[in-house]
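Asker: Here is what each chain is made of, one letter per residue.
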Amino acid sequence: MSIAAILFISAGTFFFATGVIGFLRFPDFYSRMHATGKGDTLGAVLTLAGLALYNLDAGFSLGNILVSIKLMFIVVFWFLASPTATHALLRAAYDSGLMPWTKDGKPVVEWPPKSGEDK
Amino acid sequence: MENFLLTISLILGLLILLSLYRGIFGPTVFDRIIGVGFVGSKTLVLLALMGFIYKRIDMFVDISLAYSILIFIGTLVFAKYFKSKGAM
Numbered sequence: 297m298s299i300a301a302i303l304f305i306s307a308g309t310f311f312f313a314t315g316v317i318g319f320l321r322f323p324d325f326y327s328r329m330h331a332t333g334k335g336d337t338l339g340a341v342l343t344l345a346g347l348a349l350y351n352l353d354a355g356f357s358l359g360n361i362l363v364s365i366k367l368m369f370i371v372v373f374w375f376l377a378s379p380t381a382t383h384a385l386l387r388a389a390y391d392s393g394l395m396p397w398t399k400d401g402k403p404v405v406e407w408p409p410k411s412g413e414d415k
Numbered sequence: 299m300e301n302f303l304l305t306i307s308l309i310l311g312l313l314i315l316l317s318l319y320r321g322i323f324g325p326t327v328f329d330r331i332i333g334v335g336f337v338g339s340k341t342l343v344l345l346a347l348m349g350f351i352y353k354r355i356d357m358f359v360d361i362s363l364a365y366s367i368l369i370f371i372g373t374l375v376f377a378k379y380f381k382s383k384g385a386m
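As they're listed, the protein sequences go chains A and B. So our numbering is basically just the index in the first sequence, starting at one, shifted up by 296. So our numbering is basically just the index in the second sequence, starting at one, shifted up by 298.
These are calculated hints, taken from the structure and not from any lab test. Where hints are given, some of them may not hold.
Straight line, CA to CA, 20 Å or less: simulated SDA-like cross-link-like pairs of lysine to any residue [said to hold, decoys possible]:
| no. | chain 1 | residue 1 | chain 2 | residue 2 |
| --- | --- | --- | --- | --- |
| 1 | A | 334 | A | 353 |
| 2 | A | 366 | B | 350 |
| 3 | B | 381 | A | 327 |
| 4 | A | 366 | A | 327 |
| 5 | A | 366 | A | 304 |
| 6 | A | 402 | A | 317 |
| 7 | A | 366 | A | 387 |
| 8 | A | 334 | B | 334 |
| 9 | A | 366 | B | 375 |
| 10 | A | 334 | B | 338 |
| 11 | A | 366 | B | 348 |
| 12 | A | 334 | B | 367 |
| 13 | A | 334 | A | 402 |
| 14 | A | 334 | B | 337 |
Isolated chain A (complex conformation) (with noise of 0.2 Å):
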C-alpha cells in the first residue's frame, strides 16, 4: 500500500509540474487556463488519494479511517470544484472581450462575439 501511496504522490507533483510550466509558458490567458485546470485538478486528486492510502499504512483503526474518509471527501469536492471554477473564470473573460491568441493577431471568429444569450 505504501508502494502505491507513493506512485499516485509522485504521479501528482508531476501532472503540478506541468501545470506549472504550461502556466508560465503559453501565449494567451485561454491557453494558459487549458493547462491549469487539467494540471490543477489531477494533480490534487492524485496526491491526495496517495496521501489517503497512506494514511491507512498505519492501521484500521477507527481514526485513521476517519481521516482517509475526510481525505477522499476533498478529493471528490476538488474532483468537481475545480472544473466548476475554470469554466466560470473562463466564461467572464469571454464574457469580458478578452481576444484569443492567434499568430497574426486577427481573430478567427467574429469578434467581438454577438451576445446571443442575454444573461
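Put chain B on the given structure of chain A with help from the hints.
Answerer: Frame of chain A, contents of chain B only:
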C-alpha cells in the same frame, strides 16, 4: 517515507513560488485570478503533507477541507465580479 514527504513538500513550495510569478505580473486580471487559484490548490495539498510530517493529520485534514471550500468560493466570486464588458 518521511524524507519522501519532505521532498514532495519542497517541490510543491518551489512550484508555488514559480506560479506566484504569473499571479503578480499577469498581463490581465484573469491571469492573476488563476494564479491565486493555482497557488491555493497547491497549498491545499501542502497542508495535508504538513499534517503527515508533524504527525497531526487529524487536525490538518479539517483545515485542508475548509481551505478547499474557501478557494472554490473565492474563485467563483472573483469570476462573477471581475466580469466587465469591454474592459480588455
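Asker: Now look at each hint and say whether the structure bears it out.
Answerer: Hints, verified against the model:
1. Between residue 334 (chain A) and residue 353 (chain A) the CA atoms are separated by roughly 29 Å; this puts the pair beyond 20 Å, and the hint is violated.
2. For a cut-off of 20 Å, the pair hint linking residue 366 (chain A) to residue 350 (chain B) stands: about 14 Å separates their Cα positions.
3. For the hint pairing residue 381 (chain B) with residue 327 (chain A), the CA-to-CA distance comes to about 19 Å; that is within 20 Å, so the pair holds.
4. The straight-line distance between the Cα atoms of residue 366 (chain A) and residue 327 (chain A) is roughly 33 Å, outside the 20 Å bound, and the hint therefore fails.
5. Restraint check: the Cα-Cα separation between residue 366 (chain A) and residue 304 (chain A) comes to about 18 Å, which is no more than 20 Å; the hinted pair holds.
6. A threshold of 20 Å between alpha carbons decides the hint, and for residue 402 (chain A) with residue 317 (chain A) the separation of about 26 Å lies outside it, so the pair is violated.
7. Distance restraint check for residue 366 (chain A) and residue 387 (chain A): the Cα-Cα separation of roughly 31 Å exceeds the 20 Å cut-off, and the hinted pair is therefore not satisfied.
8. Between the alpha carbons of residue 334 (chain A) and residue 334 (chain B) the distance comes to roughly 16 Å, so the proposed pair stays at or under 20 Å and holds.
9. Of the pairs offered as hints, the one joining residue 366 (chain A) and residue 375 (chain B) is violated, with about 25 Å between alpha carbons and a cut-off of 20 Å exceeded.
10. Distance check on the hinted pair: residue 334 (chain A) and residue 338 (chain B) sit about 15 Å apart at the alpha-carbon level, within 20 Å; holds.
11. Under the criterion of a C-alpha separation no larger than 20 Å, the hint pairing residue 366 (chain A) with residue 348 (chain B) is consistent with the structure, at around 16 Å.
12. The hinted pair formed by residue 334 (chain A) and residue 367 (chain B) meets the criterion: a straight-line CA distance of about 19 Å does not exceed 20 Å.
13. In summary, the hint linking residue 334 (chain A) to residue 402 (chain A) is not supported, as the alpha carbons are separated by about 28 Å, beyond the 20 Å threshold.
14. As the CA atoms of residue 334 (chain A) and residue 337 (chain B) are separated by approximately 14 Å, the hinted pair is consistent with the 20 Å bound.
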